[in-house]
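**Q** Take a look at the letters that make up each chain.
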Amino acid sequence: MGVIVLLIIVSVVVAGGFLIAFLWSVKTGQMEDDYTPSVRILFDTEVKSTANRTIAKKEVNLVNHLPK
Amino acid sequence: MPQHCYHCGVDCDDSILWNDKVFCCAGCKLVYQLLDENGLCQYYDLTDMPGMTAKGHFVSDKYNYLDNEAIQEQLIQFKVGDQAHVVFYLPQIHCVSCVWLLENLHKINPGIIQSQTHFEKKEIKVVYQPSLISLKELVQLLAFVGYAPVIHLGGHDWLKKKKVNKKQLFKIGIAGFCFSNIMMLSFPEYLSNNAIELGNLRVFFIYINLLLSLPVLFYSASGFFISAYTGLRQKWLNIDAPIALAIAVTFSRSVYEILTQTGAGYLDSMSGIVFFMLIGRWFQDKSYDSFAFDRDYTSFFPLGVTVLQEGNEISKPLSELKKGERVLIKSDEMIPADSILISNVALVDYSFVSGENAPIEVMKGALVYAGGIQKGRAIQLEVVKPVGQSYITELWNSPLLKSEKNAEKSFVHPWSQYFTIILFTIAISSGIYWSIYDTSKIMPSVTAVLIVACPCSLLLTVTFTYGNVLRWLGKSKFYCKNASVIEAIDKIDTIVFDKTGTLTNHTETTLAYEGVPLSNNEMLAIKSITKESLHPLSQLIAQFYFSKVEGIVEVNKIENFIGKGTKADSSEFEVLIGSVSFLASNHIYINQQHEGSVVCLAINKQFKGVYKVNHTYRTGIAAVAASFKNRGYQLHLLSGDHPTEKNNLIQILGTDVTLLFEQSPADKLNYIQQLQSQGRKVMMVGDGLNDAGALQKSNVGIAVTDQSHLFTPASDAILAGEQISGLDALINYAKKAKLIIIFIFSLSIIYNIVGMYFATSAQLSPMVAAILMPISSISIVALSALLSFLYSSTIRSKN
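Taken in sequence, the protein lines are chains V and B.
Residue numbers for the first sequence, in the working numbering: 1 to 68.
Residue numbers for the second sequence, in the working numbering: 1001 to 1799.
None of these hints come from the bench; they were simulated from the model.
Computed from a prediction, not measured in an experiment: that's the story for all the values here.
Even glycine gets a Cβ: it sits at the ideal position worked out from N, Cα and C.
Check the hints yourself; a few may be wrong.
Listed below are several chain B residues computed to face chain V (Cβ distance under 8 Å; list not exhaustive) [claimed, not checked]:
| id | residue |
| --- | --- |
| 1 | Val1096 |
| 2 | Val1099 |
| 3 | Trp1100 |
| 4 | Glu1103 |
| 5 | Phe1119 |
| 6 | Glu1120 |
| 7 | Lys1166 |
| 8 | Leu1169 |
| 9 | Phe1170 |
| 10 | Gly1173 |
| 11 | Phe1177 |
| 12 | Val1203 |
| 13 | Phe1204 |
Below 27 Å or equal to it, Euclidean Cα-Cα: the simulated DSSO-like pairs (lysine-lysine) are [said to hold, decoys possible]:
| id | chain 1 | residue 1 | chain 2 | residue 2 |
| --- | --- | --- | --- | --- |
| 14 | V | Lys27 | B | Lys1167 |
| 15 | B | Lys1121 | B | Lys1475 |
| 16 | B | Lys1316 | B | Lys1375 |
| 17 | V | Lys27 | B | Lys1481 |
Produce the entire structure from the sequences given, and follow the hints as far as they go.
**A** As structure tokens, this is what we get:
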């Protein structure tokens, strides 16, 4: 039966961890805006878009230099 | 073929082209070019035509006042070394593209380190380097790409509000955590005492429960105790008083049972109730963050003015403007204080102040009033009254507005008082009963009554129902300031409308031509001439002929007389367009009298006719008025405009509506006061500064707005202009809230009777309490959501 005491303490501590996570998220304002972050994550990062552009440019250059 | 501007989606022809894309105006093209140069064209891929139209004039020195140090200090949140943080409110934010562009501003200007948008609040936080980009340049950039910030000074109230909100969430989180753990640990207790032999474990569980209930009592429930205490100090038994009593009694009895080892107490029920009630409060109080309901005149006025001192233009904060100073007002700027016109002529649009439709021509030396907007070229004024004492701003100092609004107590409070009285009667009689038969059961039964019959079901019903109703109204673009507005709506019996901007649409104007029919060539000439002038009326006439005749003819000579009219020669005609006095000064006299605002036209020295400018009435006004009258509301109309529209209005509203014209803002305020002194409960529906006093004085003030809620005076609710045709349904729905509350509350009385049976017979076991509590709470919440959803079908169908 003694193990129940241990388990209960562990379970309360784990639940307390989630409580702290919740309080932290409220404190840092994560509950205030539920739209912008969901959109922001879908934006292409800068690095990717410039990389695409350089590749595109290279292809154009290759086409120009191909023997006709 | 009709085309749409690639930037903003406005209908246009293909006269402005760039990169094979069509633009409606040079402004839109410029924005596109700027984005294109900086590789930001993804803006156009994320949403079709996301931009704000750049039509109209972009006045680059509009933000000069931002160079003033004192103003900067108020706006910048904090500054460390060469880094400053500033937050702007951008009501134009509406789509993914907006977020994307605003968060990529650093690509346009290297001085911007980071920008972060907050979609719900329509705010942007910018971190920038003042050495590379000044605050003024930053605002100009935002305005250029179509997001002109709305700048308020001295108002960081939202910061305070945010803290309150967070505290509420903390309380809910902690109560929820404790409640769920206590519930879990109480489980062995529910399964009767002897089923499982737990021995010492049982004591261990109970003491953990006691420990967990402490934060609920002292932190989460603290609000109820504080509110009850302040209520009692004012000798007023509010709804929180019996709740605080029930929490205190439940806790003390539980502690007593635990210490004497006679039971496990009711800590699970107590923390559960606190948790549900906190959620209810939070649900009801969730407000519309991006709306401001408490604006006074200062929010409408510019923050800074350009003052002329010894020939130099200096920007100054408005508050430092003194009598006798000379100010420069540019096109489309607001006149900040009552002043005398120094320039020759001004064209002032008072629609905001008085509700009059057309701009008024003012001559040198005449008085111009604060709140008017200059429509012509830049003018010089000499201030004769300080800002706070101007005609329009004086309204706010009116003694009529000093009285507290909505001071009436909610109908829930008397109920909770009856409830408390009945509760005590039952508790005492049960105590007397047991004192005769079994004295050991006195305390258990009395405390059980107080535990079971706490008026939390009443509080839950009220908070959840108002929360739901507020949300459904908000979805129909009717945004109430708080729940007490819904109660106030219920009592309304008189509705007062404003005309301009409320019943009519500010943004849509129609032009009608009355006079000798014009030939095609004549119309073509007029179109070509009016197209050249930037005057709004001239532009309106050009628009009028846009669809009527094709093409353009050459115009030889155009002379614009500011504030008077235009004189022009095309190949065939000599055209005069302008005011009556302008034509008279060219020796063309008009015999007929014309009502309202007109523009006269003469061709080859012959008077041809007039153009009448009318604001169009919103659709569905007649139906709304009829519906209100059917329900027994008394309707009134107060207009600041001339009675030219009287016949039209009688047709729309009916003959039994009181129509009053040429009402000054003070008249409107007095009229509301007069109605109220007759015992009427008045709802005022208006817009603009001219209604501000009346909106504030009325029992329910509803501000109508068309454009992204930029300018709404202090009010109780904000209504989107296009929703005015559904106002009757919205008001009717708001009135249903009380019905829903009464229904659910009578249901909860049944729960109470069941609980009372257990309590008075001194049989209330923790398990009965633990079953009753969640069943009653959850069924109340669910029923409130269901009923408010069902009733909302009338307003949802209108969307």
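**Q** Determine for every hint whether it applies to the structure shown.
**A** Cross-check of the supplied hints:
{"no.": "1", "hint": "Val1096", "result": "holds (5 Å)"}
{"no.": "2", "hint": "Val1099", "result": "holds (5 Å)"}
{"no.": "3", "hint": "Trp1100", "result": "holds (6 Å)"}
{"no.": "4", "hint": "Glu1103", "result": "holds (7 Å)"}
{"no.": "5", "hint": "Phe1119", "result": "holds (4 Å)"}
{"no.": "6", "hint": "Glu1120", "result": "holds (5 Å)"}
{"no.": "7", "hint": "Lys1166", "result": "holds (6 Å)"}
{"no.": "8", "hint": "Leu1169", "result": "holds (5 Å)"}
{"no.": "9", "hint": "Phe1170", "result": "holds (6 Å)"}
{"no.": "10", "hint": "Gly1173", "result": "holds (5 Å)"}
{"no.": "11", "hint": "Phe1177", "result": "holds (4 Å)"}
{"no.": "12", "hint": "Val1203", "result": "violated (11 Å)"}
{"no.": "13", "hint": "Phe1204", "result": "holds (6 Å)"}
{"no.": "14", "hint": "V:Lys27 to B:Lys1167", "result": "holds (9 Å)"}
{"no.": "15", "hint": "B:Lys1121 to B:Lys1475", "result": "holds (16 Å)"}
{"no.": "16", "hint": "B:Lys1316 to B:Lys1375", "result": "holds (22 Å)"}
{"no.": "17", "hint": "V:Lys27 to B:Lys1481", "result": "holds (25 Å)"}
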